[in-house]
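Each chain, written out:
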Amino acid sequence: MVRLADLPEYERHHLLEKNMPPLGPLPWSNNTKPLAEKRIALITTAGLHFRGDDAFDFADPTFRAISIDDDANDLIISHSSANFDRSGFVEDVNLVFPINRFQELLADKTIGSLADVHYSFMGAGLMPKVYEKNAMQVASLLKQDQVDAVFLTPV
Amino acid sequence: MTTGISLVRENAQSMQPPRSLWVPFPLGRPLGKPNDKAFQHRVIAAALALLERTAGPVLEDYP
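Protein sequence lines correspond, in order, to chains U and A.
Under the working numbering, the first residue of the first sequence is numbered 5, with each subsequent residue one higher.
Under the working numbering, the first residue of the second sequence is numbered 7, with each subsequent residue one higher.
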């Protein structure tokens, strides 16, 4: 799964409705540094945040910051879509936000460093363009943190 | 630069992110299996390998 041919017609149709053209010219960056020297950040659209943070609204383009100093096992989901299985996240946060996996990659020097702060958006209910302002803000924060590459996870 | 996981191949094909790894896992499970470190690392390694590509957009299927 998720091969669309394996899904019921209504779900296949719903997912195909999300096909969009590219948002603009290809934002390509050439690789100038080996992975072992790269500073990596994680960004997810899973609607993750800590219990004391504001929950995401039903259609919400904002983001939440996830500090490397906080315990990712304390993250919760407030994603508005009912179309995906959350039980895996409940068992293991790394299934949608693989922070412990990246900490292991740091420990064995596969990557150079991890960002101080990682980010979650909530990827439902809005057209991609609505996220632009907040995405640009996150890009600026990543640049300030000297992040070289971002690992993106959907749900 | 970015690399990442795609759960719906058709969406990635149409939007053309710079580097994306399509995975055959259910929605809600982009890294495949909970509590399976080795499995998750294989998925991550495949997505990180796309950072080496010199031209895009890149959309690869997780083997």
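It is worth saying that the hints were derived from the structure and are not from the lab.
One should not assume that every hint holds.
[Claimed, not checked] Dumping the calculated DSS-like pairs for lysine-lysine here, alpha-carbon to alpha-carbon at most 25 Å:
{"hint": "1", "chain 1": "U", "residue 1": "K113", "chain 2": "U", "residue 2": "K137"}
{"hint": "2", "chain 1": "U", "residue 1": "K113", "chain 2": "A", "residue 2": "K39"}
{"hint": "3", "chain 1": "U", "residue 1": "K113", "chain 2": "U", "residue 2": "K42"}
{"hint": "4", "chain 1": "A", "residue 1": "K43", "chain 2": "U", "residue 2": "K22"}
{"hint": "5", "chain 1": "U", "residue 1": "K42", "chain 2": "A", "residue 2": "K43"}
{"hint": "6", "chain 1": "U", "residue 1": "K22", "chain 2": "U", "residue 2": "K147"}
{"hint": "7", "chain 1": "U", "residue 1": "K133", "chain 2": "U", "residue 2": "K22"}
{"hint": "8", "chain 1": "U", "residue 1": "K113", "chain 2": "U", "residue 2": "K133"}
{"hint": "9", "chain 1": "U", "residue 1": "K37", "chain 2": "U", "residue 2": "K137"}
Remember, it's a predicted structure, so these values are computed and weren't measured experimentally.
The hints, checked one at a time:
Taken as a hint, the K113(U) and K137(U) pair is broken in the structure, with Cα atoms around 34 Å apart against an allowance of 25 Å. Restraint check: the Cα-Cα separation between K113(U) and K39(A) comes to about 24 Å, which is no more than 25 Å; the hinted pair holds. As the CA atoms of K113(U) and K42(U) are separated by approximately 10 Å, the hinted pair is consistent with the 25 Å bound. Note on K43(A) and K22(U): the hinted pairing is violated, with a Cα-Cα distance of about 31 Å set against a maximum of 25 Å.
Distance hint between K42(U) and K43(A) is fulfilled; the C-alpha atoms sit about 22 Å from each other, no more than 25 Å. For the given pair, K22(U) sits about 29 Å from K147(U) by alpha-carbon distance, which is inconsistent with the 25 Å threshold. For the hint linking K133(U) to K22(U), the alpha-carbon distance of about 13 Å falls within 25 Å, and the restraint holds. For the given pair, K113(U) sits about 37 Å from K133(U) by alpha-carbon distance, which is inconsistent with the 25 Å threshold.
Proposed proximity of K37(U) and K137(U) is contradicted: the alpha carbons are some 28 Å apart, above 25 Å.
Hints 1, 4, 6, 8, 9 from the list above are not met by this structure, while the remaining hints are.
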